[in-house]
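Peer 1: Sequence:
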Amino acid sequence: NPSPGEKAEKPKPTKYYARQAGTGLVAVVPATLADDLAKGMGELRAKRLLEVATYETEGFDVVAGGTKKTYAKSTTKDKDGFDKTQWKRTAPDAKELETTKVEDALFKMGGVEVAEFVDQPQPLAAYGLDAPVLKVTVKAKGESWIEVGKKDGAVYARRSGDAALLKLDPAKADELLKAFAEL
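When we follow the working numbering, the leftmost residue of the sequence shown carries the number 23, and every step to the right adds one.
Since the hints were derived computationally from the structure, they do not count as laboratory data. A quick note: this is a predicted structure, and the numbers were derived from the prediction, not measured. The beta-carbon is built from N, C-alpha and C at its ideal position, and this holds for glycine as well. Hints may be right or wrong, so weigh each one.
[Claimed, not checked] With a cut-off of at most 20 Å between alpha-carbon atoms, the simulated EDC-like pairs for lysine to aspartate or glutamate come out as follows: (1) Lys110 / Asp83; (2) Lys95 / Glu78; (3) Lys69 / Asp105; (4) Lys69 / Asp184; (5) Lys157 / Glu80; (6) Lys157 / Asp102; (7) Lys123 / Asp184.
[Claimed, not checked] What follows is a set of in silico ranges between Cβ atoms, one per label pair, in the way DEER data are often shown: (8) Phe129 / Pro192: 11 to 21 Å; (9) Thr98 / Leu47: 36 to 46 Å; (10) Leu47 / Ala193: 26 to 36 Å; (11) Ala193 / Thr89: 39 to 49 Å; (12) Thr121 / Val48: 40 to 50 Å; (13) Ala68 / Ala176: 15 to 25 Å; (14) Ala147 / Lys106: 18 to 28 Å; (15) Glu118 / Gln142: 17 to 27 Å; (16) Leu47 / Gly88: 42 to 52 Å; (17) Asp174 / Gln142: 44 to 54 Å; (18) Ala40 / Tyr77: 44 to 54 Å; (19) Asp105 / Thr36: 25 to 35 Å; (20) Asp102 / Pro192: 21 to 31 Å.
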């Protein structure tokens, strides 16, 4: 018990309730989310270049070195009746690809960390994005894309649905470029 003149400390809530304006639905929100919100926008931004769910991805296009390549996924049943995924390049030439290699390249997009957000970008040429070294357009439920540019030893990117330009970790970005170059 607190001694006279001392205030008892209020226990920290473990959950909050949230309601979207104009609806009667109430959601229970964990306190950790409220803590994250208190940290501000920087903490909430997508820190990964592009998270790709490979199982939802139906296909993708890659433009690099002036060449556009198109990739598509097909699913067949194996002898035991399980789904077997097969990736193939459909343009400019047809070629069956190793599924793990394709999924690894797609997965790498989620592994590239955004080192810095450039919210008031200069013209794209200042970041090498006027002539991107790589553009990947992923077709899943909707379409999303990334473009990667290099300028003065730094690597920048932009992505669909984000007005900011992104400065990337150069080593991770190079791994990404290499993974797509090998498909």
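Peer 1: Taking the earlier hints as the rules, which of them does this structure contradict?
Peer 2: Of the numbered hints given earlier, those the structure breaks are 3, 6, 7, 10, 11, 14, 15, 17, 18, 19 and 20, listed in rising order.
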